[in-house]
Amino acid sequence: MTNTYRYLPDTEQDQKEMLEFLNVSTIEDLFADIPSGIRLKGELDIPEADPEPVLIKKLNKLSARNLNANEYSTFLGAGTYDHYIPSVVDHMISRSEFYTAYTPYQPEISQGELQGLYEFQTMVCELTGMDVANSSMYDGFTSLAEAASLAAASKRRSKVLVSRGVHPESRSILNTVAKGQGYAVEEVSLDVDITDLEQLKSQIDKDTAAVIVQYPNFFGSIEDLAEINAYAKEHGALFIVSANPLALALLQSPGKLGADMVVGDMQPLGIPMAFGGPHCGYFSVSKKFMRKIPGRIVGETNDDQGNRGFVLTLQAREQHIRRDKATSNICSNQALNALASSISMSALGKQGIRQMAQQNFEKADYMANLLQGKGFTVLNKSAFFNEFVVELPFPVKEVNKRLLESGFIGGYDLGETYGNDKQMLIAVTEQRTKEEIDKFAEILEAVVNG
Amino acid sequence: MVEYNDLIFEISRPGRSGYSLPKSDVESVDLQGKLPKHLIRDENEAAELPEVSELQLVRHYTALSNKNHGIDNGFYPLGSCTMKYNPKINEDIARLPGFSRIHPYQSPETAQGALELLYNLQEELAVITGMDAISLQPSAGAQGEWTGLMMVKAYHEKNGENRKKVLVPDSAHGTNPASASVAGFETTTIPSDKDGLVDLEALKQLVNSDTAALMLTNPNTLGLFETEIEEIAQVVHEAGGLLYYDGANANAILGKTTPGAMGFDIVHLNLHKTFTTPHGGGGPGAGPVGVKANLIPYLPVPRIEKDGEDYVLNSDYPLSIGRVKGYHGNFGILVRAYTYIRTMGPEGLRQVSEGAVLHANYLRKKLEEHFDSPYTQLCKHEFVLSGSRQKKLGVRTLDMAKRLLDFGYHPPTIYFPLNVEEGLMIEPTETESKETMDAFAEAMIQIAKEVEEDPEMVLNAPHTTIVGRLDEVQAARKPVVRYTKEKDAEREKETVKA
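Top line first, the protein sequences correspond to chains A and B. Yeah, the first sequence ends on 450 if you go by the working numbering, and it's all consecutive. Yeah, the second sequence ends on 948 if you go by the working numbering, and it's all consecutive.
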């Protein structure tokens, strides 16, 4: 043996005994069923293995080539945010009984996971004001697309209306998904920073299965859900809201304002940014869609002794039973990240989440005022949560380069997705101190004044 | 051990907390006046999140973890899921701040390390699968399947064809037909022959000018290698269809053959199976897709490319099916898979499949006289037994699975694939020792004996778990899918009465 691999336990003696038991002389004999014409000649043409200490060094080096939010103060949001994650979160999800398990197919030895997900579902319902939530989805964007598909299928209508205030990547995924499912996606334009209700009125009709908005929307502005819901319901369409769960600590729940489905991403609550994933989609609905919701759902029940226990339930909806008749092809979820956000929400608790949300709101408000005081134009005409858009005299790209030199990761460039490369979407979370905000504003001012 | 059965909501007390935030250092602002009143959530409408101290929180989740079986606890031969060891270094690397604390919209110049890792992973997965290009975007196998099928659709449309049918073997995973349907195709089922393989003659009858693609797992879900794969590929290609490889079983073929060599045009891999990223209790996973050169234009965007010495994102592909997942896919999972591939290298990956196949054949031979074995040829990384012999004695496969829990094992996958009666699908993986497999085989053999001599022991199993068999019918009929205070109060009343 020229090399040993620490994940492979077989000794030469083990191999010999197993091969003898099988009456074959070499392992190669066990691959005799692969036709010779398709067999690889020689080893895979990839680099040789690295011993553990060497690999750790190499990968540390690679990671050090990325500017990270520990070292740079970041004002970048646009759907993924730098928030406080209590240390307890990572410790708990690092319990390997959680992370090395799979989908709880055997409830008797998976009660921990099942209960954890049941608690997650409850917390999602609490925040969204909905009756039922599943145990998570890939991410907020795919969750929104699944909601649109569910709406189109259950209303048997041919189009959905989506506000341009919905995250551009979310709309882009929705377009990909809709193409497969055969329904149309029409975008509703904006009145500056929020959904243009006049446009919505002119586009909504009897073919509209759903109206989809984001809350707060991509620019941080808070849409009036009650008003939009009224238009949707007037035309028999469903109302789908994609919501930031942290903002829901302070904002009236979409459920209370008439939403039929509320989706989004739990990333702001306990999940690292991690270059965009894995995050954790959530999916919640009113009771009438309970048996149509995609993904895994955990329900409470009893065992044969009458003890409380938890199981995966309502499985008749799912692909492994329904196959090509299933409402969705989803099999896995993001259970571990759902657990992370549950732990984070439990650490914050009823008061903490409001305090954290309040700080986001206040700090963004403070920064917007500060910039306005320095002569910048803030685009948002509606109230905003922790993000807002500021007009710059120069392209965002150039400004961000200057900010980077001073240790700041600047805001999101609206050029590529909304066509104005001088508009910057700035996110201010509770992680940003007044000092950082002041400094950032100062540099911005200096850049502008040349 | 003290028994603990509380929900986090039940240990909550008003006023407790488990967090620490600095005081706000900016002027306090009230939402009132900024927003219409109906959009503000008053304090009395606050979400009822639990209120617990940090230690209570730790005890709660530690107690929950103690009620869970993972690979680190013991053998987990769940067929088709490849429950192999999840290396610890992978976890450490994924948590480095330079990987976990970076934002997806940072300018590429500030994330060159992350992009280089992704690029290298693409390159290595392309070699491993025999494909020409890889997209790392899809977040799981099912999403990979759907992504692949959307490319199939775009490809045929570009050629001016509107092919409607996707062929799927009867033994296929449920996601195959579901993904086909979500991508807007109709599914045609291909029967298996007596050896558990695709019935080539039946396939020839079913393939025609309406065939968009054939989806196949090879080795198939019975753990058997489709020996006629070259002919199958030829039949589908001659009719103008494409071949889709479901990589769920790639653990059997690393360094031995590739889907590319077999004639497949599109592949997805489950990094949480073959490439050791943890299953996480149901996810997150990752399901990259690979394609042959003629399908590259249809891959999801943005694509990660190398331009001179720089790693860049390129969305300039007008024929692309578009975006399928936010940002750059499940990056944290991709980091883990890359770490694993770098740990094993070419020789190590080959030994992985050799070990997986050796173990499956060994364990099968140990068990095959005690259970019905519908297919007797060589198996690859997993095998399927049938509990039909035991069923005749009044004990079903489900009962035997529950009895295994008493021995501390996670049972195999049961009742799948659908074409095997009372199926037990066993995948030991290469990371288990011979001693573990021997002990598992002994437990299985003892259960088979109990079925004959003491069936009640099996029928009433499990005997040692913290809960007994759970009433799934009640759960589905009267669904309780969230906690409410009202329900809790009801329960307390009942307990008092009792």
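Mixed in with the good hints, there may be bad ones.
Stated by the list, open to error - DEER-style ranges, computed between Cβ atoms:
no.	chain 1	residue 1	chain 2	residue 2	range
1	A	439	B	480	25 to 35 Å
2	B	639	A	315	44 to 54 Å
3	B	480	A	186	34 to 44 Å
4	B	522	A	394	52 to 62 Å
5	A	61	B	684	29 to 39 Å
Said to hold, decoys possible - Chain A side only, calculated, beta carbon under 7 Å to chain B, not exhaustive:
no.	residue
6	141
7	289
8	313
9	353
Hint data in this document are derived by calculation from the structure and do not stem from the laboratory. Since the structure is predicted, the reported quantities are computational estimates derived from the model, not experimental observations. Quick reminder that beta carbons are idealized off the backbone N, C-alpha and C, glycines included.
Measuring from beta carbon to beta carbon, are residue 61 of chain A and residue 684 of chain B in 29 to 39 Å?
At roughly 47 Å between Cβ atoms, residue 684 of chain B and residue 61 of chain A fall outside 29 to 39 Å, so the hint is violated.
Given a hint of 44 to 54 Å, does the C-beta separation of residue 639 of chain B and residue 315 of chain A actually sit inside it?
violated, 21 Å
Hint says 25 to 35 Å; check whether the CB-CB distance for residue 439 of chain A and residue 480 of chain B agrees.
holds, 27 Å
Taking 7 Å as the limit, does the beta-carbon of residue 289 of chain A come near enough to a beta-carbon in chain B?
Since chain B brings no Cβ nearer than about 12 Å to residue 289 of chain A, farther than 7 Å, the hint is violated.
Residue 522 of chain B versus residue 394 of chain A beta-carbon gap, inside 52 to 62 Å or not
Check passed, 54 Å falls within 52 to 62 Å.
Has the hinted range 34 to 44 Å been met by the Cβ atoms of residue 480 of chain B and residue 186 of chain A?
holds, 38 Å
For the restraint on residue 353 of chain A, tell me whether the closest CB of chain B is nearer than 7 Å.
At about 6 Å, which falls below the 7 Å cut-off, the nearest Cβ of chain B leaves the hint on residue 353 of chain A intact, so it holds.
Cut-off 7 Å, beta-carbon criterion: hint that residue 313 of chain A touches chain B
With Cβ-Cβ at 4 Å, under 7 Å, it holds.
Restraint check, 7 Å cut-off on beta carbons, for residue 141 of chain A near chain B:
holds, 4 Å
This entry does not satisfy hints 2, 5 and 7, going by the numbered hints stated previously.
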